[in-house]
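Undergrad: So the protein lines, in turn, are chains H and B. Counted from 1, the first sequence has number 373 at position 373 by the numbering used here; the numbering is strictly sequential. Counted from 1, the second sequence has number 115 at position 115 by the numbering used here; the numbering is strictly sequential.
Incorrect hints may appear among the rest.
Stated by the list, open to error - Some chain B residues well away from chain H (every beta-carbon gap over 10 Å; in silico): (1) ASN15; (2) ALA18; (3) GLU20; (4) VAL21; (5) GLN30; (6) THR58; (7) PHE59; (8) GLY86; (9) GLY87; (10) PHE151; (11) PRO157; (12) LEU165; (13) SER166.
As the list claims (entries may be wrong) - Per label pair, the in silico range of CB-to-CB distance: (14) ALA105/B x LYS613/H: 39 to 45 Å; (15) ASN716/H x SER56/B: 21 to 27 Å; (16) ASN49/H x GLU74/B: 43 to 49 Å; (17) PHE171/B x GLU711/H: 34 to 40 Å; (18) LEU312/H x SER53/B: 48 to 54 Å; (19) ASP638/H x ARG3/B: 32 to 38 Å; (20) SER166/B x GLU53/H: 48 to 54 Å.
Hints are computed from structural coordinates only; laboratory data are not their basis. Built from N, CA and C at the ideal position, the CB exists for glycine as well.
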Amino acid sequence: MKVEISRRKFLQGSVALSIIGGTSFSATKLLSEDEHDIGDMRIMTRTTNIKAEKVPFLCGMCVNKCAGFARVEKGVVVKLDPNPYFPKSRNMLCPRGNAGIQTLYDPDRLKYPMVRVGERGDGKFKRVTWDEAYHAILHGTDKFKGILQILDEEKDNRSTIGYCNGEGLSKEGFEELMGQKIGTPNYVDEISICLESVLGAYSATIGAYGEADMSNADFVIIAGANRAEAIITPDTMDMFKRSQGRGLKTIVLDPRFTNTAAKADRWYAVNPGTDLAFVLALTYVVFDENLYNKEFAKKYVVGYEDYKNHVLKNGYTPEWAEKITNIPAKEIYKTAREFMASEHPIYYQGRRSVFSKNDFQLRRAMGIFQGLSGNLDKKGGIVYGKKLTLPKEDMNAPMYGQAQDRFDKDGIAIFAGKTGSWIVFRNMVLEGKNPYPLRAMFMRKHNPLSGVPNTKKTKEFLKKMDLNVMIDILPSDTTMFCDVVLPEASYLERTSPVASYGGLEPAIVQRKASIKPLYECKTPEVIYKELAEQLTKPLWENTLKYDEDVQDDTKGMKTQELAKYYKENGFDLTEPWEKSVEEENKERIVKAFGEEAWKILDEKGVYYPNMKKYHKQLNPNEYQYYPEDKKNYTVKGDKIKVVANFKNLAKKGVDPMPTWKKEYEFSVPEGQFRLVTGRHAQFTQSGTTNNMALRDLIPTNYIWINKRVAEKRGINFGDKVEVKSSIGKIHIKAYPTEKIGPNQIFMLHGFGGSSQDMEMAYGNGGNDATIIEDKIEPVYGAAVMHETNVEVRKV
Amino acid sequence: MARYGMALDYKNCINCKACEVACKEENGVQLGADKHRIWVGVKDVEGLWPNISIASSTFEPSQCQQCENAPCQEVCPTQATHYAKGGIVMVDADKCILCSYCMEACPYDARYVKEDTMTVDKCTFCSDTRLLRGETTTACQATCPTKVRTFGDLDDPNSEISQLLSHRQHFTLKTHLGTKPKLFYMI
Numbered sequence: 001m002k003v004e005i006s007r008r009k010f011l012q013g014s015v016a017l018s019i020i021g022g023t024s025f026s027a028t029k030l031l032s033e034d035e036h037d038i039g040d041m042r043i044m045t046r047t048t049n050i051k052a053e054k055v056p057f058l059c060g061m062c063v064n065k066c067a068g069f070a071r072v073e074k075g076v077v078v079k080l081d082p083n084p085y086f087p088k089s090r091n092m093l094c095p096r097g098n099a100g101i102q103t104l105y106d107p108d109r110l111k112y113p114m115v116r117v118g119e120r121g122d123g124k125f126k127r128v129t130w131d132e133a134y135h136a137i138l139h140g141t142d143k144f145k146g147i148l149q150i151l152d153e154e155k156d157n158r159s160t161i162g163y164c165n166g167e168g169l170s171k172e173g174f175e176e177l178m179g180q181k182i183g184t185p186n187y188v189d190e191i192s193i194c195l196e197s198v199l200g201a202y203s204a205t206i207g208a209y210g211e212a213d214m215s216n217a218d219f220v221i222i223a224g225a226n227r228a229e230a231i232i233t234p235d236t237m238d239m240f241k242r243s244q245g246r247g248l249k250t251i252v253l254d255p256r257f258t259n260t261a262a263k264a265d266r267w268y269a270v271n272p273g274t275d276l277a278f279v280l281a282l283t284y285v286v287f288d289e290n291l292y293n294k295e296f297a298k299k300y301v302v303g304y305e306d307y308k309n310h311v312l313k314n315g316y317t318p319e320w321a322e323k324i325t326n327i328p329a330k331e332i333y334k335t336a337r338e339f340m341a342s343e344h345p346i347y348y349q350g351r352r353s354v355f356s357k358n359d360f361q362l363r364r365a366m367g368i369f370q371g372l373s374g375n376l377d378k379k380g381g382i383v384y385g386k387k388l389t390l391p392k393e394d395m396n397a398p399m400y401g402q403a404q405d406r407f408d409k410d411g412i413a414i415f416a417g418k419t420g421s422w423i424v425f426r427n428m429v430l431e432g433k434n435p436y437p438l439r440a441m442f443m444r445k446h447n448p449l450s451g452v453p454n455t456k457k458t459k460e461f462l463k464k465m466d467l468n469v470m471i472d473i474l475p476s477d478t479t480m481f482c483d484v485v486l487p488e489a490s491y492l493e494r495t496s497p498v499a500s501y502g503g504l505e506p507a508i509v510q511r512k513a514s515i516k517p518l519y520e521c522k523t524p525e526v527i528y529k530e531l532a533e534q535l536t537k538p539l540w541e542n543t544l545k546y547d548e549d550v551q552d553d554t555k556g557m558k559t560q561e562l563a564k565y566y567k568e569n570g571f572d573l574t575e576p577w578e579k580s581v582e583e584e585n586k587e588r589i590v591k592a593f594g595e596e597a598w599k600i601l602d603e604k605g606v607y608y609p610n611m612k613k614y615h616k617q618l619n620p621n622e623y624q625y626y627p628e629d630k631k632n633y634t635v636k637g638d639k640i641k642v643v644a645n646f647k648n649l650a651k652k653g654v655d656p657m658p659t660w661k662k663e664y665e666f667s668v669p670e671g672q673f674r675l676v677t678g679r680h681a682q683f684t685q686s687g688t689t690n691n692m693a694l695r696d697l698i699p700t701n702y703i704w705i706n707k708r709v710a711e712k713r714g715i716n717f718g719d720k721v722e723v724k725s726s727i728g729k730i731h732i733k734a735y736p737t738e739k740i741g742p743n744q745i746f747m748l749h750g751f752g753g754s755s756q757d758m759e760m761a762y763g764n765g766g767n768d769a770t771i772i773e774d775k776i777e778p779v780y781g782a783a784v785m786h787e788t789n790v791e792v793r794k795v
Numbered sequence: 001m002a003r004y005g006m007a008l009d010y011k012n013c014i015n016c017k018a019c020e021v022a023c024k025e026e027n028g029v030q031l032g033a034d035k036h037r038i039w040v041g042v043k044d045v046e047g048l049w050p051n052i053s054i055a056s057s058t059f060e061p062s063q064c065q066q067c068e069n070a071p072c073q074e075v076c077p078t079q080a081t082h083y084a085k086g087g088i089v090m091v092d093a094d095k096c097i098l099c100s101y102c103m104e105a106c107p108y109d110a111r112y113v114k115e116d117t118m119t120v121d122k123c124t125f126c127s128d129t130r131l132l133r134g135e136t137t138t139a140c141q142a143t144c145p146t147k148v149r150t151f152g153d154l155d156d157p158n159s160e161i162s163q164l165l166s167h168r169q170h171f172t173l174k175t176h177l178g179t180k181p182k183l184f185y186m187i
């Protein structure tokens with residue numbers, strides 16, 4: 001969007017401005033077609049005491065899904081307040097949650113459909129109508145091919161169309177449209193650049209990822225997770241009310257001194273990627289000194305004798321681990337003994353990106369160690385909880401004879417099927433290893449240029465496609481490489497499909513639209529529906545032309561019979577969206593829980609059985625959601641199982657028991673640094689770097705570098721440095737600090753945007769995906785983020 | 001007549017600054033890092049890696065201390081700064097001439113210049129927004145993930161804040177100056 005006064009200039013304080021103040025600005029002016037009418041780039045809100053609507057929403061600023069109420073005065077969202085009914089987010093909103101208004105009213109929002117008129121990457125688009133945009137997706141323009149031509153050329157091999165999607169409540173619908181209805185298996189998402197091996201390894205070891213009962217634990221080891229800065233509810237809220245001598249002893253392992261470390265009893269500056277040696281050494285002490293819960297181990301830990309022999313025989317002693325981890329042996333002894341002596345100890349599972357090649361084995365070792373304490377499936381431990389079941393909608397998925405299986409299996413031991421591996425998928429296409437062509441990418445709410453390691457390769461990959469389509473709310477870096485761009489309603493402008501959140505205190509939640517979609521934006525489900533309507537008949541004709549199975553089936557059919565076949569066999573792409581989200585939500589809730597439940601959910605945004613009876617305010621800050629005896633502390637009983645020796649893994653070439661390997665050792669060539677990255681409560685990846693309120697809190701990302709090392713190199717605070725890896729380089733400002741070791745540097749992920757249409761994000765800081773080498777862990781093919789060494793020099 | 005104050009479980013603070021953003025959105029505080037009614041004080045850590053002193057790293061959430069003997073009120077030449085209902089120190093924007101004496105006088109550095117009105121601004125305990133509507137919490141209290149703050153009437157013995165202060169040890173900032181702050185930090 002063009003503006004008279006640059007928001008950047010405003011931040012430098014050089015321009016005096018008139019203020020758009022809360023309800024004194026008119027909504028029509030804000031939404032005016034003439035962009036200059038806006039006048040000022042700041043959207044300031046202030047609440048008043050006029051009558052306001054309070055609409056329940058679920059936050060969409062990160063993946064956590066906190067509940068809130070939007071205060072809407074005269075059609076303008078002026079404040080987002082926490083919702084006291086949702087047990088998961090317990091009446092709170094973090095800084096991002098509060099700053100959602102700035103994303104909703106971001107002047108850089110995608111406002112209308114666009115079609116590319118320039119070259120890929122140069123950001124030249126033409127405004128079009130929705131019909132014209134759908135037409136371009138179907139038939140292309142003089143600049144790119146449409147899906148119909150591609151599928152005609154590929155003889156209806158649906159697998160030549162790829163798609164990707166970021167986390168969110170409307171993700172399922174996109175998967176239904178692209179995967180089940182249009183019929184391609186080639187899907188990648190955030191899982192393989194995030195926590196895939198954490199989820200997989202915990203499921204394989206203790207049967208689920210579980211929930212850490214931080215309200216009742218008395219000892220926690222939190223390693224490589226940073227709950228003060230990467231907020232997850234209710235963990236963050238429960239932990240820090242009880243840390244620092246108030247009931248929850250906290251041991252933090254992190255290469256850098258984080259805000260979580262600042263709240264700990266002890267912080268160990270562990271070498272990146274060596275946590276596994278630490279856990280194995282803890283386990284050694286526990287076996288060697290017979291500190292584990294023998295009764296539990298005998299009954300529930302599968303192969304614990306094998307594992308005991310394995311750990312003792314390999315000599316995983318604290319002295320051995322000290323050299324690898326940088327944690328003194330005596331501290332490891334102390335930590336192991338304290339852990340097992342505690343009544344409710346938790347080795348926190350963590351919930352973050354995959355950092356090192358051994359991540360799957362690290363998680364297995366952590367899960368087994370937790371199991372050895374016996375503190376599972378009970379109050380104060382890792383618990384399994386329950387989930388309220390929502391009725392599933394039947395899905396009539398067609399069979400395409402010409403479609404083929406997905407191919408991104410290179411170098412992966414356990415092929416995860418549905419979500420695949422971003423890096424393997426992309427790299428195989430680039431290297432020409434795909435058995436059939438991949439020709440289009442349909443993308444939604446996903447920015448692989450920032451999220452997937454090796455931005456250069458992602459650009460090449462996107463340039464190789466005949467057609468790229470993006471559905472999003474802001475013109476991200478990736479959007480610049482697309483051919484058709486569809487503007488989506490942001491989370492405050494849409495009612496989303498109801499969701500069920502399990503755990504100790506399960507609940508069902510509904511996000512309701514606070515206001516109607518701004519500009520020409522449409523809700524995701526309306527976009528899916530309209531896209532399906534436009535594509536369904538032409539693609540069906542293409543199937544009839546090439547699909548021999550369908551040809552056999554339909555031979556000699558008359559028009560009416562053919563129409564019936566098309567419907568009955570799921571070839572009608574529009575079928576999942578016959579009802580609106582609102583109608584479907586009501587229907588599902590009434591069917592499962594009755595009319596009264598729907599009334600409660602619709603008004604409060606939250607529902608669970610007996611909510612009226614159970615929910616109580618305890619004091620101005622706290623609520624009871626479930627009474628103590630109704631919380632799902634213990635659900636497994638005798639069915640609990642901890643798998644220490646997972647023999648079947650060996651068949652796949654994966655160690656059946658966690659084993660340390662020489663190649664896992666931390667090593668950095670002299671003069672270089674190991675790059676570590678992370679995120680923060682004050683922004684979510686590249687999605688919030690254009691948010692004005694959050695920019696006040698974190699203006700840019702700095703490179704953390706050890707103070708003494710920086711001094712030697714003449715690097716001062718704010719100096720621009722070049723950070724260079726084998727695949728690329730970035731420029732970024734330096735932050736010399738003692739909070740990081742001498743051969744490591746840290747930067748926040750998500751900055752360094754390259755899209756000029758996002759004014760605040762553009763060129764601000766460095767994009768870590770440009771320099772993180774595209775390596776994978778060998779079990780699922782998930783991206784490993786902390787295995788890149790870099791050079792740093794002042795520029 | 002109420003006498004409003006705030007108790008802070010400051011050890012809960014994780015320096016996420018949700019309070020700062022909530023305050024801005026609720027009260028129309030301008031964007032810009034230098035414009036804020038509330039903040040979290042952070043000290044640089046002591047020690048050399050890997051021996052950082054955890055005790056040296058503290059987060060101190062703060063805002064106007066709503067002093068009973070407010071130096072800002074004393075120095076104001078136009079009576080723009082005054083004690084309003086509930087003992088809340090307020091600035092009357094119509095009277096403020098931006099002489100900035102109050103900013104100099106405040107020992108807590110709790111005031112800033114609001115550039116749209118070109119007057120001095122500070123925390124009001126949300127009295128002209130939330131309290132006016134009958135709400136009983138401030139924006140910073142309501143949104144806080146770890147529930148640092150408890151706002152309430154110090155003169156009501158049954159209020160949550162009175163209850164907390166009656167059984168929890170607490171201190172005030174720069175007590176020796178005799179400003180009688182009404183923000184209480186609980187140990």
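Undergrad: Hint by hint, say whether it matches the structure.
TA: Now for the hints, and whether the structure bears them out:
1. ASN15: It is violated; ASN15/B is separated from chain H by about 6 Å at its closest Cβ, not greater than 10 Å.
2. ALA18: Answer for ALA18/B: violated, closest chain H Cβ roughly 5 Å.
3. GLU20: For GLU20/B, whose nearest Cβ neighbour in chain H is about 7 Å away, the distance does not exceed 10 Å, so it is violated.
4. VAL21: violated, 4 Å
5. GLN30: For GLN30/B, whose nearest Cβ neighbour in chain H is about 6 Å away, the distance does not exceed 10 Å, so it is violated.
6. THR58: Per Cβ check, THR58/B is inside 10 Å of chain H; nearest 8 Å; violated.
7. PHE59: violated, 7 Å
8. GLY86: Holds, since 16 Å exceeds 10 Å.
9. GLY87: Given a closest Cβ separation of 19 Å, the condition holds.
10. PHE151: violated, 8 Å
11. PRO157: At about 15 Å from chain H, PRO157/B clears the 10 Å cut-off, so the statement holds.
12. LEU165: The claim holds: LEU165/B sits with its nearest Cβ about 14 Å from chain H, beyond 10 Å.
13. SER166: holds, 14 Å
14. ALA105/B x LYS613/H: 39 to 45 Å: Taking Cβ atoms as reference, ALA105/B and LYS613/H lie about 54 Å apart, which means the hint is violated.
15. ASN716/H x SER56/B: 21 to 27 Å: At 22 Å between Cβs, range holds.
16. ASN49/H x GLU74/B: 43 to 49 Å: Cβ of ASN49/H to Cβ of GLU74/B: about 32 Å, so the range 43 to 49 Å is violated.
17. PHE171/B x GLU711/H: 34 to 40 Å: holds, 37 Å
18. LEU312/H x SER53/B: 48 to 54 Å: For LEU312/H and SER53/B the Cβ distance comes to about 37 Å; the hint is violated.
19. ASP638/H x ARG3/B: 32 to 38 Å: Since ASP638/H and ARG3/B have Cβ atoms about 58 Å apart, the given range 32 to 38 Å is violated.
20. SER166/B x GLU53/H: 48 to 54 Å: violated, 40 Å
Of the numbered hints stated above, those contradicted by the structure are hints 1, 2, 3, 4, 5, 6, 7, 10, 14, 16, 18, 19 and 20, listed in ascending order.
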